[in-house]
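Q: Sequence:
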Amino acid sequence: MTLYSRVRPLAFKLPAETAHELGKRTLRTAQSTWPTQRALSYAYQYEDPALEVDLFDTTFPNPVGVAAGFDKNAEVTHALAALGFGFVEIGTVTPYAQTGNDRPRLFRLREDRAMVNRMGFNGQGMEAVKSRLEADGTPEIPLGVNVGKMNSSSEREAIEDYRRVFDRLSPFADYVVVNVSCPNTPEEFDEGSPEHLRAIFETLEAENDADVPLLVKIGPDSPTDSVFDLVDIVQEFGLDGIVATNTTTSRDGLVSANKQEWGGLSGKPLERCSTAMIRSIAEYTDGELPIIGVGGVDSAASAYAKIRAGASLVQLYTGFVYQGPSTAKQINQGLVELLERDGFSSVEDAVGAGLE
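Take any residue in the sequence shown, count from 1 to its spot, add 2: that is its number in our numbering.
Since the hints were made in silico from the structure, they are not lab data.
Where hints are given, some of them may not hold.
[Unchecked claim] Here are the simulated DSSO-like pairs of lysine-lysine, each with C-alpha atoms no more than 30 Å apart in a straight line:
1) Lys-331 - Lys-26
2) Lys-15 - Lys-331
3) Lys-270 - Lys-15
4) Lys-270 - Lys-26
5) Lys-26 - Lys-132
6) Lys-26 - Lys-15
7) Lys-331 - Lys-270
8) Lys-15 - Lys-261
9) Lys-26 - Lys-261
[To be verified] Here are the simulated distance ranges between beta carbons:
10) Arg-274 - Asp-227: 17 to 27 Å
11) Thr-226 - Arg-40: 26 to 36 Å
12) Arg-158 - Pro-106: 27 to 37 Å
13) Glu-204 - Ser-348: 14 to 24 Å
14) Phe-230 - Gly-356: 18 to 28 Å
A quick note: this is a predicted structure, and the numbers were derived from the prediction, not measured.
Glycine is no exception: its CB is placed at the ideal position from the N, C-alpha and C atoms.
Construct all of the structure, not just a fragment, from the sequences and the given hints.
A: Shown next, in the form of structure tokens:
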């Protein structure tokens with residue numbers, strides 16, 4: 003029995019957001035000194051050349067990353083690197099601090115190995131994140147920055163919100179993700195409309211003198227034709243990839259007591275849906291558009307399924323909550339075994355191998 007398996011029942015007696023904050027404080031303490039960082043690295047990092055992925059003009063030591071939402075304000079990026087993750091995506095970061103929705107707004111669905119969140123882009127804002135990245139430095143693994151708008155912004159103001167955050171934080175980023183698919187923010191306008199997307203991408207491309215890789219995060223609930231319309235726009239503007247997918251509003255097949263809480267559902271119930279969307283995008287683009295796969299990743303098998311469906315990298319959040327600090331190590335060890343079993347010399351060789 004691991005230490006986390008002993009601690010988790012106690013943590014799960016706390017409200018989900020309180021436990022998350024306590025966990026981040028623990029990680030913040032652990033990354034505060036060189037010896038504690040080294041201790042984490044010794045216990046949890048796993049390296050193998052087969053796991054390396056070259057993408058977005060950088061090398062990811064392994065394909066398993068932390069999804070946006072876990073470390074909104076870039077508080078524990080170094081600890082996450084020490085825990086063996088191959089990259090971390092901070093955010094969603096907004097131009098200014100905002101409180102988000104009222105608590106409670108994060109719920110565990112234990113029987114479904116899932117979570118529902120309606121956080122509403124709570125965060126400290128771009129200046130606080132910028133100051134922290136300057137003070138702490140960026141981690142030794144690739145850093146993604148997920149950017150969003152203020153909840154009160156109009157359609158025109160939202161475009162300026164994305165530009166502001168991109169301008170302030172892209173110098174720290176190995177890639178930037180535009181988040182236009184969150185189900186937990188006010189729906190004042192259609193964030194996924196072609197006209198709005200084109201306006202965002204035109205603005206950011208004009209701002210992107212350093213050619214920082216630019217991606218967009220999509221949701222799992224859109225019709226396939228709408229997804230392909232978005233992919234067409236992504237390719238029209240020469241964007242660098244897609245993050246698939248965000249959380250879902252579907253509640254099909256859930257059994258947990260909190261299943262009717264409104265918000266975005268993440269975790270195991272999202273696995274098949276997100277993998278199917280990855281496969282559809284990869285087939286539609288002939289595997290030429292890089293995909294970061296997220297949704298239900300909690301094991302080597304679930305990560306491998308997304309890689310074979312066309313994802314070059316994968317991310318997790320809910321799986322980390324349920325599995326604990328050894329999650330990245332366990333997945334990466336398992337991935338190496340699966341690659342060897344199937345005769346692949348690297349993760350890169352397995353990307354899209356399951357496509358017909």
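Q: Now look at each hint and say whether the structure bears it out.
A: Do the hints match the structure? See the list:
1. Simply put, Lys-331 and Lys-26 have alpha-carbon atoms about 19 Å apart, close enough for the 30 Å limit, and the pair holds.
2. Distance hint between Lys-15 and Lys-331 is fulfilled; the C-alpha atoms sit about 26 Å from each other, no more than 30 Å.
3. Our distance criterion of 30 Å between C-alpha atoms is met by Lys-270 and Lys-15, whose separation comes to about 21 Å.
4. A distance of roughly 23 Å separates the Cα atoms of Lys-270 and Lys-26; the hinted pair therefore holds under the 30 Å criterion.
5. Under the criterion of a C-alpha separation no larger than 30 Å, the hint pairing Lys-26 with Lys-132 is consistent with the structure, at around 19 Å.
6. A distance of roughly 17 Å separates the Cα atoms of Lys-26 and Lys-15; the hinted pair therefore holds under the 30 Å criterion.
7. Only pairs whose Cα atoms come within 30 Å are accepted, and Lys-331 paired with Lys-270 is accepted, the gap being roughly 19 Å.
8. Distance hint between Lys-15 and Lys-261 is fulfilled; the C-alpha atoms sit about 18 Å from each other, no more than 30 Å.
9. For the given pair, Lys-26 sits about 26 Å from Lys-261 by alpha-carbon distance, which is consistent with the 30 Å threshold.
10. Taken as a hint, the range 17 to 27 Å holds for the pair Arg-274 and Asp-227, whose Cβ atoms sit roughly 20 Å apart.
11. Under the hint 26 to 36 Å, the C-beta atoms of Thr-226 and Arg-40, about 48 Å apart, miss the expected range.
12. Against the hinted window of 27 to 37 Å, the Cβ-Cβ separation of Arg-158 and Pro-106 comes to about 33 Å, which satisfies the hint.
13. Checked against the given bound of 14 to 24 Å, the beta carbons of Glu-204 and Ser-348, roughly 36 Å apart, lie outside it.
14. Range check, Phe-230 to Gly-356: about 20 Å between beta-carbon atoms, so the 18 to 28 Å window is met.
Of the numbered hints listed earlier, those contradicted by the structure are 11, 13.
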